[in-house]
Amino acid sequence: GENVEQHPSTLSVQEGDSAVIKCTYSDSASNYFPWYKQELGKGPQLIIDIRSNVGEKKDQRIAVTLNKTAKHFSLHITETQPEDSAVYFCAASTEGNTPLVFGKGTRLSVIA
Amino acid sequence: KAGVTQTPRYLIKTRGQQVTLSCSPISGHRSVSWYQQTPGQGLQFLFEYFSETQRNKGNFPGRFSGRQFSNSRSEMNVSTLELGDSALYLCASSPHNEQFFGPGTRLTVL
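Heads up: the protein sequence lines correspond to chains W and F, in order.
Position one of the first sequence corresponds to residue 96 (our numbering), numbered consecutively onward.
Position one of the second sequence corresponds to residue 469 (our numbering), numbered consecutively onward.
Hints may contain errors.
[What the hints assert, rightly or not] Facing chain W, from chain F, some residues (calculated, C-beta under 7 Å):
1) G508
2) F513
3) E516
4) E566
5) G572
6) L575
[What the hints assert, rightly or not] Here are some chain F residues pointing at chain W (derived, C-beta under 8 Å):
7) N524
8) L558
9) P571
[Stated by the list, open to error] Listed next, the in silico DSS-like pairs over lysine-lysine satisfying Cα-Cα at most 27 Å (straight line):
10) W:K199 - F:K525
11) W:K137 - F:K481
12) W:K153 - F:K469
13) W:K117 - W:K132
14) W:K132 - W:K163
15) W:K153 - W:K163
16) W:K152 - W:K163
17) W:K117 - W:K153
18) W:K132 - W:K166
19) F:K469 - W:K132
20) W:K166 - W:K199
21) W:K152 - W:K166
22) W:K132 - F:K525
23) F:K469 - W:K152
24) F:K525 - W:K166
25) W:K137 - F:K469
26) W:K199 - W:K117
27) W:K137 - F:K525
28) W:K152 - W:K137
Quick caveat, the hints were computed from the structure, so don't treat them as lab data.
All C-beta atoms in this analysis are idealised placements derived from N, C-alpha and C, irrespective of residue type, glycine included.
Just chain W, same shape as in the assembly (with noise of 0.2 Å):
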């Protein structure tokens, strides 16, 4: 089955700084990678989502980006405010069969 590699496992960054979080996955057949964020007491909400046809994808400050034949994908947020300060998670799956596999996350801290 699937495994979802994700590193760094934290990471803490001056405001305003960017931060890049990597994932790697096992399985060729995935095609499908989301990344959730998540906030203390709270569940985790997507942020953004790539899908294997697309090399990369920016909205505002976050984009993601792919690379099918070394199998990793990796987040990148631009401009870090405290309020980017959460738990963030990758995941893998293909799409329409099998379910979501998560990486186990990384603690970003952004630092006024």
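Chain W is fixed; fit chain F onto it per the hints.
Frame of chain W, contents of chain F only:
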């Protein structure tokens, strides 16, 4: 649209008891998935229901079960609770592939 709602939000049980958790999906969403979240294991898939049928099942013992009703609301049940079942149980509803999570039910087993 209202988001995914889960009840109760917090629950304390003792070993050996059983528990039922409830999830109301976003209106129009027919798929409901359940996940267990713990600090050690992260987010682990329990099962998915679509149109009242279990479509996928994770690697959990038979003590964990679920069902979905005709209005897409879903329940999950855990029988013979163990200390290790203490976790945040998350429900996610989906119109197609994107999953939208509720706030979760925090279950503590004493």
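Verification of the supplied hints:
1. G508: 9 Å, violated
2. F513: Nearest chain W Cβ about 4 Å off; hint holds.
3. E516: It holds, given that the least Cβ distance between F:E516 and chain W is near 6 Å, below 7 Å.
4. E566: Check passed: Cβ of F:E566 comes within 6 Å of chain W, closer than 7 Å.
5. G572: OK, holds: F:G572 within 7 Å of chain W, min 5 Å.
6. L575: 15 Å, violated
7. N524: 5 Å, holds
8. L558: 5 Å, holds
9. P571: Holds: closest Cβ of chain W sits about 5 Å from F:P571, inside 8 Å.
10. W:K199 - F:K525: 20 Å, holds
11. W:K137 - F:K481: Holds, at roughly 22 Å.
12. W:K153 - F:K469: 25 Å, holds
13. W:K117 - W:K132: OK: W:K117 and W:K132 at ~14 Å, within 27 Å.
14. W:K132 - W:K163: Holds, at about 23 Å.
15. W:K153 - W:K163: 18 Å, holds
16. W:K152 - W:K163: Given pair W:K152, W:K163 holds - Cα atoms ~14 Å apart, limit 27 Å.
17. W:K117 - W:K153: 16 Å, holds
18. W:K132 - W:K166: Within the cut-off at roughly 22 Å; holds.
19. F:K469 - W:K132: 20 Å, holds
20. W:K166 - W:K199: Status holds; Cα separation ~17 Å.
21. W:K152 - W:K166: At roughly 16 Å apart (the allowed maximum being 27 Å), W:K166 and W:K152 satisfy the hint.
22. W:K132 - F:K525: Measuring from Cα to Cα gives roughly 24 Å; hence the hint holds.
23. F:K469 - W:K152: Given pair F:K469, W:K152 holds - Cα atoms ~26 Å apart, limit 27 Å.
24. F:K525 - W:K166: 25 Å, holds
25. W:K137 - F:K469: 18 Å, holds
26. W:K199 - W:K117: 12 Å, holds
27. W:K137 - F:K525: 24 Å, holds
28. W:K152 - W:K137: 26 Å, holds
Hint violations for this structure: numbers 1, 6, all remaining hints satisfied.
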